[in-house]
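Participant: Residues per chain are reported as follows:
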Amino acid sequence: VELLLNEQQVLLRDAAAKLGIARGGPRRARQLRDARAGIDADAWNEIVAAGWLSALVAEERGGLGLGAFDLALALEETGRQVVMTPLTEAASAVWALAEAGAAVDQAMQSKLVVPASRPPGQSYTQSDLSEPAVRLDGSTLSGLLSFIPFAEKADAFLVVANEGPATALCLVPRATAGLSVATTHNVDGSTSSKLVFDRATLSADQIIAKGGKAEAIVAKMNELLLLGTAVELLGTAQAALDMTLAYIKLREQFGKPIGSFQALQHRAVNCYVDAELNRSLIFAVLAARDAGTCHPAMVAAAKARASRCALDTVRAALQLHGAIGYTDEHDIGIYYKRAVALAAKYGNEITHVGRFSELTMPAGRAEG
Amino acid sequence: MNWDNTTLFSDDNPADRAFREEVREWVGANCPKDLCHRPLRIDPPELKPWHRKLYERGWIAPHWPKQAGGMGATLTQQIILFEEMSRIGAPTPYPHGLNFIGPLIIDAGTPEQKAKHLPGILTGDITWCQGYSEPGSGSDLVSLTSRAVLDGDTFVLNGHKTWTTNGHFADWMFALLRTDPAAKPRHAGITMLLIDLKSPGVTVRPIQTIRGDSEFAEETFVDVRVPKQNMLGELNGGWAVANKLLGSERFTTGHPRNAAVLLNKARQVAEYSGAIRDPAFLHRLAVLEIDLLAFSAFYRHAANLHGHRKAPLSMAPVIKIAGGELGQKASELLVDAAGPLGASADDITIGNTAVNPAADLFEMRRVTVGSGTVEIQRNIIAKRVLNLPS
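Residue numbers (our numbering), protein chains in the order written: chain B, 1 to 368; chain U, 1 to 390.
These are computed hints drawn from the structure, not numbers from a lab. Since this is a predicted model, take the numbers as computed values, not measurements. Please note that the accuracy of each hint is not assured.
In silico lysine-lysine, DSS-like type, Cα no more than 27 Å apart, as pairs [unchecked claim]:
(1) U:Lys-228 with U:Lys-244
(2) B:Lys-249 with U:Lys-383
(3) B:Lys-194 with B:Lys-210
(4) U:Lys-114 with U:Lys-48
(5) U:Lys-310 with B:Lys-18
(6) U:Lys-66 with U:Lys-33
(7) U:Lys-310 with B:Lys-256
(8) B:Lys-220 with B:Lys-194
(9) U:Lys-53 with U:Lys-33
Based on the provided sequences and hints, a complete structural model is requested.
Facilitator: Next up, the structure:
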């Protein structure tokens, strides 16, 4: 179902679609994965030049003054073309920097700043307990943060630290003494890094927000990370479904296109119905977020359902492709792997369903 | 912020918000309390006074044009009316007159047919039923064989209709009948007739449903004479008339509120039974609440597009599939929430409300079958939306 968009929104979406088609696509994603590039530098330079990093920053502060709904239109298109760029992360970080009072200028946007945050629902409680959060003690950062996407190529990190019981938000350049970055690669070619802070010393201006202000910024930044990833999942699943529909219309067995068989048709229809609901859900949550009427449970719902829907869709896509889907030469597997990586990022379906359950429990209910 | 799964996305438009307030206040003050939150179906005769109150308030036919006695309301206003009634558990009037045949008569009826039938539909004095299904024609409706043969100015009917909701309460039936057995394609030999069920030769037998009520009936026609002026649309043009029913007229039957009410009952029963402390139950509840949120978003989105005349072909089948299957899963969770009481034929009394999980479970079996099974809906999407080959 189409979205009702204004002219500016259509332009943004079309520009992102154009960029995605020109720069992205499954073949490109495979090359980057095999080269362990971690990021598509060409596509990223174009995105930076388009100014989308400051999309969420108000115009009077030097941004484009758009909503998360608008940015999502671009993210859906880049997701559809499996473009390997940190738009979700960088736009969330730039928004947070601006909220904390930083000037959003060319210099800021020419550097890749990624959030070093642990969104709620990211991991199971067990690993949260075994992994102490990063602590800010005076001007010194210690501790570690795992599973930070795009950290390998980042110029700086927006680190969410604990300062006693309070929160501090710190802008930490990659070259900071005492910070080490250990990177692993995911199935789709994306990266995940562990940041270890060993008494890394910050200057006063690197601690950009503290206390209630920092908490409010971090909560909203985390929402942006989750929603942006949900949108990328949506685009990825849609592309996998489109590719599959095209395939089953052409592929013949038993003397007929396999897409004429009802069992396969119904499987494809289930993906279509799921995608329609998901798209409505995610854009409704984005609109609620922009309007300031978004319950936190809605964000958990969006990430949970986007993860499930994408995995269900790519699973069906692979099945409907048959044996060729099991080959790395065929592009459908690229979407499968991207969906696996995005579904696991910032918390998967199970953890966000659990979070949704907690957030929707009526106050005062005894929990078991 | 408290979570309320019945008001997930607020009204965009101030006029809609004001209308909602007005409806909420009036429905709360005027709907008889003994009709609200009833665990079992309410038969049409008992609904008549409530129907008339809505008629007198001018809200009985929100989707009808003003000149036909309706409100000329937007789809959003129609949905608001439905939502505010269901908020307090108020029953909504049966759709067969107001939503199905009424709009068809407005669209295709003669001036005489309009004058004769529309007032009774609005006041609720006349109860209608839909005569489509036959023993041999369910999903393959176009194969129907009940005959109507023109004899001068009168059709003579012989045949059999079945699984008719409210058939034994109805005064009138709108029916599809075979008028040309040789027609190719088959749908070109079907005519729609308005049948007075008190006519000689009509036999009506109630059928008990799986839920235990007698919602259904079957009707036998033996040489039943129906005047030709009761034909709606053209001779052999009945299929086209029936297909003019737009998705919007079936919109409220697929409203997400139906599943929301069941999930809230499941929560209530789980607190009573202790299932609320079981993490497995909570997970299943959360998965369905998330699906409800997604379905609510789709539903809102579709209604909004409909208002902009951009409703896609897929809207009605998606609502039918997603809403129907979600409602079923919600009813299954409700039964599981009750534990051993899930098998109870009697109501469970919790505080001052009565719940009957098994009755809801059985009732929800209908939503994936009635007016086109979800399998037929999937066929429609496969062929007409995804353009998959035959």
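Participant: Would you mind marking each hint as holding or not holding in the structure?
Facilitator: Evaluated hints:
1. A distance of roughly 21 Å separates the Cα atoms of Lys-228 (chain U) and Lys-244 (chain U); the hinted pair therefore holds under the 27 Å criterion.
2. The suggested pairing of Lys-249 (chain B) with Lys-383 (chain U) holds, with an alpha-carbon distance near 11 Å, which does not exceed 27 Å.
3. Note on Lys-194 (chain B) and Lys-210 (chain B): the hinted pairing holds, with a Cα-Cα distance of about 24 Å set against a maximum of 27 Å.
4. Annotation: proposed proximity of Lys-114 (chain U) to Lys-48 (chain U) holds, straight-line Cα distance about 21 Å (limit 27 Å).
5. Of the pairs offered as hints, the one joining Lys-310 (chain U) and Lys-18 (chain B) holds, with about 25 Å between alpha carbons and a cut-off of 27 Å not exceeded.
6. Between Lys-66 (chain U) and Lys-33 (chain U) the CA atoms are separated by roughly 30 Å; this puts the pair beyond 27 Å, and the hint is violated.
7. Under the criterion of a C-alpha separation no larger than 27 Å, the hint pairing Lys-310 (chain U) with Lys-256 (chain B) is inconsistent with the structure, at around 34 Å.
8. Simply put, Lys-220 (chain B) and Lys-194 (chain B) have alpha-carbon atoms about 23 Å apart, close enough for the 27 Å limit, and the pair holds.
9. At most 27 Å may separate the alpha-carbon atoms for a hinted pair to count; Lys-53 (chain U) and Lys-33 (chain U) meet this at roughly 14 Å.
Hints 6, 7 from the list above are not met by this structure, while the remaining hints are.
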